[in-house]
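Undergrad: One-letter residues, chain by chain:
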Amino acid sequence: MRRAHTLIELLIALALGTLLAAAAWSAVRAASQAITVVTRLSIQNRLLRAGAHAALDDLDTWSSYDDPTDAARQPLRAPGEPFQPMALPDGDPRRWDDLDLALDADQSDARCWYRGAGVISNGWSAGSGREYGDYALHGRIDHPDAARRWSARMQRDIVDRLGFYALFELMPANTVFSWFDADGFVPAQFHATDGYTERDRLYQPFVWSEARDEPRELALLSCLSAASVTTAATFRQPGDDPSHRWFSNWATDKWRLDGVRGCVSVITPMPLRPATWPALAIDLNRWAGCGRFWAIANVTVVDPTTAERISLHLRTHTTTLLGARRQRHRDAGWARAGQPTLDDGT
Amino acid sequence: MSRSGTILIIVAGLSAVLAAMTVALLARVRGDAEESRGWLAEVQARAMLTAGLEYVCETARIGWDDPATPAAEEAFGWIDVRDGGIGPRTANGRPVRARDGTAAFDLVTGLGDAFPAIGRVARCPMRVQRRPPWAMANGMVVNAMTRDPSLPWSAIIAHPRPDPQPEVATWAEFAAGDPQPVAGTDGVAWFRVLREDVATFVVTCGAGATRGYAGWNEVQADSAEASFGGRDAFEELRRDESRLHFRCAWSAAVGGNSSMHYLDHAYHLNAISSPDAAHTGGRSVQMVGTIRWIQRLMAEPDRW
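Here the protein sequences line up with chains Y and U, keeping their order. Counting from 1, one number per residue, gives the positions in the first sequence under the working numbering. Counting from 347, one number per residue, gives the positions in the second sequence under the working numbering.
The hints are simulated quantities; they were obtained by calculation from the structure and are not laboratory data. No false leads were mixed into what you were given.
Derived contacts from chain Y toward chain U, CB cut-off under 8 angstroms, selection only:
{"no.": "1", "residue": "Val28"}
{"no.": "2", "residue": "Ala31"}
{"no.": "3", "residue": "Ser32"}
{"no.": "4", "residue": "Val38"}
{"no.": "5", "residue": "Arg49"}
{"no.": "6", "residue": "Asp106"}
{"no.": "7", "residue": "Gln107"}
{"no.": "8", "residue": "Asn174"}
{"no.": "9", "residue": "Glu217"}
{"no.": "10", "residue": "Leu218"}
{"no.": "11", "residue": "Ala219"}
{"no.": "12", "residue": "Thr320"}
Keep in mind it's a predicted model, so treat the numbers as computed, not measured. Glycine included, C-beta positions come from ideal geometry on N, C-alpha and C.
Work the whole structure out from these sequences, hints included.
TA: Here it is in structure tokens:
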């Protein structure tokens, strides 16, 4: 028969047992917490990767701007917007079928030669005459020689049909943005104005004075200014017409240059996620300004429990506006090889 | 006896819980690592897009030197800026030479047996060289002013050591570089360029070890079977790699050089007969043309 435990033995055994149990519990709890943290970090990382993939995919396809598979999500196909189809049937007033208006002019082609576009302005120096000669004879919007009217008509009609951003992308990179109208003068949109961001004013005043209306390439025309492609509601209020408007460093309202950051197209993945899960937000931003073209995506993951915020800022070579137009079928959906696109018919 | 059994069960249970958590953790870490590898491949492939677009631009003008001639041949664009003909052609109007030394293409049709003929491909496996040709040294060279008033000014402010300095001491090494690949950078990424039309290209960017071969038949045509250890191994590499396809168009037009013809220093209107030479010269930013547009291809094209 075994001897019974004494009280001291029992107390010591209980104490040791409690210690062991506490240590074991601590170990399990620490391991569990570590795994919870790792799992959460892993979810954050997966969200970040998924967001980056989605952002790059959208940069490649412009789907958040114009979804070719959903007619309800094509706000930029209206007249004057960058995704307006050019392949329209005969009789449609928006049809662009002027034979002068081919997009692909090589640099040896007389259409691309220098024509002194806007070299004598009638804006700031209005009424001062043509002290350097009448350059409208060299090229103007209604010149009888097709080569001498090409640039003027391209500029006018691309702005009219597709907006500023499209103009800068579709015209040759060395284009001097100005032209002579039928009256031999530079049109009003190149004149100095009081409003830096007036609609349909292609001219942007340079830093030192608004009384400067020299013709310029994109590099100087967009100095501290930007033209955007946007579906953002903030910039689509009645009368806004954002495809024909500058964001300018000298504006004081929402059209200030830094406002272009708000011209984002937003993707909202996982709309039904539980509130405690990390939140993923993606925004895309496209604009021509400060001398170059910008295609930007921001991917942000926010942890609601810790308020920790991780952001990934992406800039990459990707599909341009003209490339995106070529991706889209003329009628609906994506265009396969050989099928008509938004640009066929130009 | 029963007490020992209880302890064993408790310990075994705790161990099982810890083991399960560990396995789950390892599985998740492994999954993360695989996903990260995929993401890394995507980024690598996109870096190759930049390289491919630069290749299209630069080969419009340079890279066609014929070693058989003393001249350093240059070309005048994929669409020749002098007459709109099919390029790239040299100053004398002849097509540039392909890598095998033959005339690259027919002047009228643009067709030929090798890139840059229309319909032909340039395959460009990439690696980081230990030292590229003409490599400059990092770091600033100090030319301290001499504190000896007896010296002439020309000696006091002279910069006897040019800045920057070449990475190596001899001209021959400087010109040749060290083309050996940095470890771990060979067989990682590539791009290839199909000249689809006169100035339209399909740029395929890859992150993987196929070195840009589109298929085993190309490997065989290039007698490169030994690089892959057989067709099955090559096909496995193909399955594992990331590929992105883009179509793009080139233009000779270059921005940033013309505006200053209109301006003087006060930003007043200026006659084009007296261009602002100083500003214009400073703005001659590049001479290899512009990528007019880029289109991500939604599916693998028939030819790439």
